[in-house]
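One line per chain: the protein sequences are A and B, in this order.
263 is the number that my numbering gives to position 156 of the first sequence; each next residue is one higher, with no gaps.
22 is the number that my numbering gives to position 19 of the second sequence; each next residue is one higher, with no gaps.
It cannot be assumed that every hint is accurate.
The list that follows gives simulated cross-link-like pairs (lysine to any residue, SDA-like), each with its CA atoms no further than 25 Å apart [what the hints assert, rightly or not]: (1) B:13 <-> A:153; (2) A:160 <-> B:222; (3) A:153 <-> B:211; (4) B:13 <-> A:215; (5) B:304 <-> A:219; (6) A:160 <-> B:7; (7) B:13 <-> A:222; (8) A:201 <-> B:7.
With beta-carbon atoms standing in for the labels, derived distance ranges [stated by the list, open to error]: (9) B:210 <-> A:129: 47 to 57 Å; (10) A:226 <-> B:210: 50 to 60 Å; (11) A:238 <-> B:253: 50 to 60 Å; (12) B:192 <-> A:144: 45 to 55 Å; (13) A:226 <-> B:28: 31 to 41 Å; (14) A:226 <-> B:273: 48 to 58 Å; (15) A:240 <-> B:181: 55 to 65 Å.
Keep in mind that the hints were calculated from the coordinates and are not lab data.
Computed from a predicted model, the values in this text were never measured in an experiment.
C-beta: ideal position from N, C-alpha, C; glycine also.
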Amino acid sequence: MISFQNVSKVYNNKSVALEEINLDIKQNEFVSIVGKNGAGKSTLIKLLIGEEKPSKGRLFFGSYEVNKLKMGELPAYRRQIGIVFQDFRLLPTKTAYENIAFALELDGKSQSEIDEFVPQILDMVGLSEHAFNFPHELSGGEKQRVAIARALIHRPVLLVADEPTGNLDPLNSAEIIKLLSKINELGTTVMLVTHNKEIVNNLHKRVVSMDNGRIIRDEEDGRYILA
Amino acid sequence: MFTALFRIIKYGLQGFKRNSWLSITTIIVMTLALLVFIGLIIFSVLTNKVIGSLKEKIDISVYFNIDTPEDNILAIKRSLESLAEVKSVDYISRDKALEIFKANHQNDQTISEAISILDANPLSASLNIKAGDPKDYQVIAAYLNNDNFKNDISQVSYNQNQVVIDRLTKIIDTVQKSGLALMVILSLVAVLVTLNAIMLAIHSTRDEIGIMRLVGASNMFIRGPYIVQGVLYGVIAAILSIIVIAPAIYFTSPYMEMIMPEINMWPYFLTNLLSLIGYQIGFGILLGTTSSIIAVRKYLKV
Chain A
108 MISFQNVSKV YNNKSVALEE INLDIKQNEF VSIVGKNGAG KSTLIKLLIG EEKPSKGRLF
168 FGSYEVNKLK MGELPAYRRQ IGIVFQDFRL LPTKTAYENI AFALELDGKS QSEIDEFVPQ
228 ILDMVGLSEH AFNFPHELSG GEKQRVAIAR ALIHRPVLLV ADEPTGNLDP LNSAEIIKLL
288 SKINELGTTV MLVTHNKEIV NNLHKRVVSM DNGRIIRDEE DGRYILA
Chain B
4 MFTALFRIIK YGLQGFKRNS WLSITTIIVM TLALLVFIGL IIFSVLTNKV IGSLKEKIDI
64 SVYFNIDTPE DNILAIKRSL ESLAEVKSVD YISRDKALEI FKANHQNDQT ISEAISILDA
124 NPLSASLNIK AGDPKDYQVI AAYLNNDNFK NDISQVSYNQ NQVVIDRLTK IIDTVQKSGL
184 ALMVILSLVA VLVTLNAIML AIHSTRDEIG IMRLVGASNM FIRGPYIVQG VLYGVIAAIL
244 SIIVIAPAIY FTSPYMEMIM PEINMWPYFL TNLLSLIGYQ IGFGILLGTT SSIIAVRKYL
304 KV
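Full structure from sequences and hints, please.
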């Protein structure tokens, strides 16, 4: 479903972020991408969601050739993907409910559909009671669950989680990962970027290890091993 | 389509309400800018009025010799009327001049008696000439100095009043030019101040714009609410500016009228209230929306 073909990314003609990446991800996979800071994990995600363009190579997602998408085509493309960030990136002037509803509104869903789906997903992430709180009234774990709910509500085929547990304590981290596994079981492809060793080792799923802009290891039921 | 429009408006109103402090300060800045606008409108209308009445007061009169036949005078009148510079020519015959003179001195016993003693009418016929542009009096005066008319004309008033007319013409010209410059500069200031205020307001929400882009919002969906807010700012600021300027005009109007009787600001304000409100709202909306569009543009490139 996702295919990186000889993808390189060079910033300012000298700083190499990714070098000759070849990576295929199949539908319904759960892939963890691990590596040190600066290994190129986040750049990989930025290329995938069209925030940056590759300097070389081609990048496919389903029927899209991502490296060729124009500014105006990006919104529709991004709505195929759910994204969760380390810093949550919720809209600060909207309540939890409105943040989640926003993703459906972008898809042009009717108000009755929104009123049906949003409470369901709030229930699924365990936040029914906080539906009408603003982000600054929520804890980190709660915020991240809102972000996941927002990323999932429009039923994307792929969920990208860029260090979703980076700002959370171990207990909340475990909750989030459990949620991601459940989502994967329900049929969504998940790409998890992390440097949390424990999480990766407990998952027993495919692990792609990166270092210095290259993929150094790619194993089914992999473990967190660097260098 | 309609749901999208409805949601854009809803988010515009929501953002306006939830960022209330930002909205209030932006509206205050815009109100000040629009006060400058309405001030300029009123200023230009009033100076035009004053200039118009000054121009109206300038004219030149040609006095003819007492024995000049009326036919000659009318011929000169026609030839004057054929000049492009001349706006109007009034013929005042000797009899009419006497009539006017008598009427003017009705209450003055000595003069009335002196006139009645006279057998003949001592007054000469004259032409009263008005030019479209005060600068043209010189041309008209030069035309009258023509040799053909020499035997008929006794005097041309321009020759005595030349200095005054020239100075008045210069003043009118300067007022018009500097008024235009003032308007251009002040409107530019008003536009820039508003643009800056709205850019700052939107700058403070730039992270939100980035997030919306990343979760797949189209540019129109992001921009729309800001445009709605720009319209709101404009309309509210326009109404506020009218509310602020109305009492100011009401109280200064009598004093202005004392200095220059041609200027009656309050009646002008009242009769043109609707179009003034229309101008203000138009300016406000134009200013608010264009500023919003320019300001959001910058942050949409994610």
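Hint check against the structure, violated hint numbers in rising order: Numbers 1, 5, 6, 9 and 10 - these are the hints that the structure violates, sorted from lowest upward.
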